[in-house]
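Asker: Quick mapping for you: the protein sequence lines, in order, are chains A and B.
The letter at position 194 of the first sequence is residue 194 when you use my numbering, and the numbering goes up by one with no holes.
The letter at position 242 of the second sequence is residue 1242 when you use my numbering, and the numbering goes up by one with no holes.
Keep in mind that the hints were calculated from the coordinates and are not lab data.
Among the hints, a few may not be true.
Stated by the list, open to error - Straight-line C-alpha distance at most 27 Å; calculated BS3-like pairs for lysine-lysine:
#	chain 1	residue 1	chain 2	residue 2
1	A	K257	A	K341
2	A	K102	A	K3
3	B	K1297	A	K208
4	B	K1297	A	K102
5	A	K257	A	K177
6	A	K3	A	K208
Unchecked claim - If we take Cβ atoms under 8 Å as the criterion, some of the chain B residues that face chain A in the derived model are:
#	residue
7	R1016
8	L1023
9	R1063
10	G1087
11	R1088
12	L1090
13	E1313
14	A1315
15	N1318
16	P1319
17	I1327
18	C1328
19	Q1332
20	P1352
To be verified - Listed below are several chain B residues computed to face chain A (Cβ distance under 7 Å; list not exhaustive):
#	residue
21	N1019
22	R1064
23	A1264
24	G1322
In this text, a Cβ means the ideal position worked out from N, Cα and C, and glycines have one as well.
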Amino acid sequence: MAKTHLTTEQLDAFGTELDQLRNEVAADLGARDANHVRKMLQRSRVSAAAGRALLMFGFDPITWVLGVVALAKAKILENMEVGHNVLHGQYDWMNDPQLNSKTYEWDIVCHSENWKQTHNIEHHSHTNVLGLDDDYGYGLLRLAPEQRWHTIHLFQPISCFLLMVYFQWGVAIQDIKLGRFFKGRMTIAELRERARPFLQKSSRQIFKDYVLFPVLGFFNWPRILLGNVAANIIRNIWTNVIIFCGHFTEHAQVYTKAEVAGESRGAWYLRQMQGSSNLLGSRYFYLMTGHLSHQIEHHLFPDIPAPRYIELAPKVKAICEKYGVHYNAAGFFSQYLSVMKRVFVFAWPSKAVAPVVLQS
Amino acid sequence: MSTAKLTNLFQSSWLRPFNDPALIQGTARALNPLHKATGIGARVVEVITETTECKTFVLQTNRRWPGKRWPGHLAGQHTLLTVTINGRQLSRTFSISSPSSTNGRIAITVKRARSNAKRISVSNWMFEHLAVGAVVQLSAPAGDFSLKNQTEAKLLLLSAGSGITPVMAILRELVESPGADVAVTFVHICRSESDFIFASELRAVAARWPALRLVVYFSGTQGRFVPARLAELVPELSQHEVYLCGPNAFANAAYGALRDAGVAHAIHQESFGGFTAATDTADGTSSEHVLTLENNKQSFTISTQTNLLDALETAGLNPAFGCRIGICKTCQCVKRSGVVKNLRTGEISDAPNELIQLCISAPRSPLELAI
């Protein structure tokens, strides 16, 4: 599907309509949103306590499985519905120091400061701009013909699988920019400095899940250790597949630096819209994705509390239809299959396609 | 092992989640709402209607949750009260109108502000919605406006409007302290009898306590109060130590009049602060305000036409920033005081300690930022 291009006047009107939509929701934020995020935080804490208790005090495989599921669910809820959204500043208006993007720290090896740099700034400002948005392929995968092919990409189905299983580590080291170091553009001293928050955060996470809790379980330690490994991996896989469906689906567009130079607010909105894709499902599914099922709305309004995306979606879709922009939404399986298609197809060399020239 | 070392060990980040303050406080709060995460929890135990515009809230502060107990206050001090209004934690400073006490029970007296459409007024919300049983959060008491420095035998308590609240605390303290060898003149200025806060209590005290002379001036019927007239109302004015609280314009005029009348003793003054409409510049016209940074007390002049991020960078600072278009919140900081306008939404932030994004905020008054 080709990119839709709008004239300067259309882009301005388009931007104004979306700004207005944002202002309407922002003016309506209140106790409902505050109660939701507190409830989710509490639910994840209760689930974590239950999961850890089942792993620690149980003996049989059934309680082990239940414990793993409860702990994985706790981590998914905490990372996706609370952590990711709080770190975007979605709840800063509450003025609650414990739910503030400046201070919140989440249950994952990625340090919140690193995350805010790579995700909030780099990924959200430069969504799907090749060379600026490192989240497009994570420096490992070739997902569009515009990306240059290297022999290593032949193995990308494997690297894609490894990234899925170890996803928390992938995002944790992203801000160190190891690529620059290997190209000789970073000194070892600078590397050490950049890696410090990562080493500090990840060592504490490892200690917590793989030393402290197993030790507290005495003879039950192997059960706890394995359970914690399993819960972390389940969380990794789930977050990875959901996030991959956000920007790498068949109809998600990529952009070049030249295309986005000097773009207006309307053009920025249009790029966010065409570079993102939604997943359709039940309310519970939306919740367990941290509302990243609504990646389009999230990218238009990253600082609006995520549960609001559900009510924003029909309005955004109506604006899309009005301006003839494709609204990329489909079920999880069809979207994920189209992502996998890119992973396998672009593992092979293909000619780079010249970027589409703007009409206006 | 020393206590400090033990404390460090218990607070070590290696022991997460067992010593995670957010988790512990969250659990404690689930058990009892008085266990506030930050600040001191307090429950409203009584609401007294003082006038049609004014209510007193009697608060019982938390006594059980260790480390977050009310430390006791001096008469005349104030506290930063935080309430949750429609999901938002909003704070405002209130003078404590009760004298010092040991049972952790305090009173604050709140006057309804003139309504300002769209913006949430903490005072108005409290007046309309805060009821017995509700839980609020307090800071530890603070302020130099208190009786602790009293040296003179003759005291003048001078207040106007809602400025009576800290002065009343001082009077109540004087009445309660036995054998106090003082002569107190209380001059209060308000619009009319129906605006006279604590009227019946003040008259009752004046009737049974000969040391108190009460002078009430109703500006609604007697005309605007001229501070120079204080000398007529208070014999031997120059011999008094003064406690003064009221609207800024009144307080400044009164201070000048007192010094002119030859008051050589201490004049204790409490200011409720707040910016008047005069400091708010209409959009389009450019003017300048002073910006002060909390950490190094550095201050410089900035234009109302530029955003704070640009202004700080022009001044040679390097505040953290990200997208510069108001989406990533990297440049967000706490505004200690002053008014800013959000250039993206047009919202005005005028309450103290609100979070603002530097890249989309323009000054509308002198500012202090927690940078």
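Asker: For the pair supplied as a hint, K257 of chain A and K341 of chain A, is the alpha-carbon distance within the 27 Å limit?
Answerer: Satisfied, since the Cα-Cα distance of roughly 25 Å is no more than 27 Å.
Asker: Using the nearest Cβ pair, does P1352 of chain B come within less than 8 Å of chain A?
Answerer: Violated. Min distance 11 Å.
Asker: Could you check if R1088 of chain B really has its C-beta closer than 8 Å to a C-beta on chain A?
Answerer: holds (6 Å)
Asker: Does L1023 of chain B hold up as a contact with chain A if the rule is Cβ-Cβ below 8 Å?
Answerer: holds (7 Å)
Asker: Holds or violated: the hint that G1087 of chain B contacts chain A, with Cβ atoms closer than 8 Å.
Answerer: holds (3 Å)
Asker: So, E1313 of chain B near chain A? Judge it on the closest CB pair being under 8 Å.
Answerer: violated (17 Å)
Asker: Given the hinted pair K102 of chain A and K3 of chain A, is their alpha-carbon gap at most 27 Å?
Answerer: The hint is violated at about 37 Å.
Asker: Should the interface hint for A1264 of chain B be scored as holding, given a Cβ-Cβ cut-off of 7 Å against chain A?
Answerer: Violated, because the Cβ-Cβ distance from A1264 of chain B to chain A comes to roughly 45 Å (cut-off 7 Å).
Asker: Holds or violated: P1319 of chain B as interface residue toward chain A, Cβ cutoff 8 Å?
Answerer: violated (13 Å)
Asker: Could you grab the alpha-carbon distance between K257 of chain A and K177 of chain A and see if it respects the 27 Å cut-off?
Answerer: Roughly 20 Å between the alpha carbons, so the hint for K257 of chain A and K177 of chain A holds.
Asker: Straight-line Cα separation of K3 of chain A and K208 of chain A no greater than 27 Å?
Answerer: Roughly 47 Å separates the two Cα atoms, so the pair is violated.
Asker: Can the hint on R1016 of chain B be confirmed by a CB-to-CB distance to chain A that is less than 8 Å?
Answerer: Hint holds; R1016 of chain B Cβ to chain A Cβ min 6 Å, cut 8 Å.
The structure does not agree with the numbered hints 2, 3, 6, 9, 13, 14, 15, 16, 20, 21, 22 and 23 stated previously, though it agrees with the rest.
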